[in-house]
Amino acid sequence: MPINISINGLSVSRRSTASFKTDLILHGRKAICLWNIFLEKTLEEFNLNIGDMSERLANIVSELATVGGGDIPGQVDGGMLQGYLWGDNGTRETFRSVDDMNRWLNKRLQLNNKEIGLRLYPLVLCHLDLCRRNIKLMEDNSIFLLDWGHAGFFPRFFEAATISRINDNSAYGNSLHKAIMKEATLTEGEQECVKLLLRARAASLRYILALNALATKLYDVGLVKLQYVPTIVLHLIEKKWCYVGGNLKKNPSFGFSRNEQDHYRRLGFRRLYPSSKPRYCRPGA
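Just so you know, we're using the working numbering here: the sequence shown kicks off at 22 and counts up by one.
Where hints are given, some of them may not hold.
Using 20 Å as the maximum straight-line C-alpha spacing, the simulated SDA-like pairs for lysine to any residue come out as follows [unchecked claim]:
{"#": "1", "residue 1": "K199", "residue 2": "Q103"}
{"#": "2", "residue 1": "K199", "residue 2": "E211"}
{"#": "3", "residue 1": "K128", "residue 2": "R140"}
{"#": "4", "residue 1": "K216", "residue 2": "L226"}
{"#": "5", "residue 1": "K199", "residue 2": "S185"}
{"#": "6", "residue 1": "K203", "residue 2": "S185"}
{"#": "7", "residue 1": "K216", "residue 2": "I187"}
{"#": "8", "residue 1": "K203", "residue 2": "E84"}
{"#": "9", "residue 1": "K135", "residue 2": "K216"}
{"#": "10", "residue 1": "K135", "residue 2": "A223"}
{"#": "11", "residue 1": "K135", "residue 2": "E204"}
{"#": "12", "residue 1": "K216", "residue 2": "E136"}
{"#": "13", "residue 1": "K135", "residue 2": "E213"}
{"#": "14", "residue 1": "K216", "residue 2": "M202"}
{"#": "15", "residue 1": "K216", "residue 2": "W125"}
{"#": "16", "residue 1": "K216", "residue 2": "Y142"}
{"#": "17", "residue 1": "K216", "residue 2": "G104"}
{"#": "18", "residue 1": "K135", "residue 2": "E211"}
{"#": "19", "residue 1": "K216", "residue 2": "A205"}
{"#": "20", "residue 1": "K203", "residue 2": "A86"}
{"#": "21", "residue 1": "K135", "residue 2": "R153"}
{"#": "22", "residue 1": "K199", "residue 2": "I187"}
{"#": "23", "residue 1": "K128", "residue 2": "L219"}
{"#": "24", "residue 1": "K203", "residue 2": "N80"}
{"#": "25", "residue 1": "K135", "residue 2": "R154"}
FYI, nobody ran anything at the bench for these hints, they're computed from the structure.
Work the whole structure out from these sequences, hints included.
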């Protein structure tokens, strides 16, 4: 169901498939539900000049960035974050402050000995899913933005970081990324943050792929019951396991507490000593 709102004369819309919420509150502006179905086409159905359209979209991104979002990052209605920057399984937690977002990102950057700090950057409205299917060109040549499921309040360079990873036509993505970078005139610090965001994203994808594979193997060889697999995967994610050089390794600065060791024993694992890396097997093995 599309939703139409106007921000300083800019028309945008939200098509909600996850819920029946039709109100989007942005600094006193209430969304108006449109019950009609748009008959206009999306950009992927047109053969347009990519450069010209990228410039128009970059201007829209700048216009959205004039809408501030206070001190809490994330989606307008809160909740865990999903989208291109957060891995296949999202954040799995709700950010209640910029410090929470910093902590989540820095967990994933630690393996590269990098750290990101976002407290200096104001939170502004970002769409974060500007693929062609979410952009409708109307008969009067105006542009509507659809699908605000990933949108929220973030530092303005989150839009540029997301554009470089959208699953769409590469020529369109590259052109739009360049246009947004040019329009925004990001500082060196902001450009570095874009690089760090993409590193954190890559780390999130590696964790999930490696840990899901590990948990499946543990179940296949009979080391753990099926109902415990999700528990183990989530725990190992928090304890900083990663996939390095084809092997699953653990950051040595993170140790397992005695309670955590007892937890694994109850799941049927036994800690082996001495070892520089924790290793678990069935009792009696």
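Here is what the structure says about each hint:
no.	hint	result
1	K199 x Q103	violated, 24 Å
2	K199 x E211	holds, 15 Å
3	K128 x R140	holds, 17 Å
4	K216 x L226	holds, 16 Å
5	K199 x S185	holds, 9 Å
6	K203 x S185	holds, 14 Å
7	K216 x I187	holds, 15 Å
8	K203 x E84	holds, 14 Å
9	K135 x K216	holds, 11 Å
10	K135 x A223	holds, 14 Å
11	K135 x E204	violated, 28 Å
12	K216 x E136	holds, 11 Å
13	K135 x E213	holds, 11 Å
14	K216 x M202	holds, 13 Å
15	K216 x W125	holds, 16 Å
16	K216 x Y142	holds, 16 Å
17	K216 x G104	holds, 17 Å
18	K135 x E211	holds, 15 Å
19	K216 x A205	holds, 16 Å
20	K203 x A86	holds, 15 Å
21	K135 x R153	violated, 33 Å
22	K199 x I187	holds, 14 Å
23	K128 x L219	holds, 14 Å
24	K203 x N80	holds, 10 Å
25	K135 x R154	violated, 35 Å
Of the numbered hints listed earlier, those contradicted by the structure are 1, 11, 21, 25.
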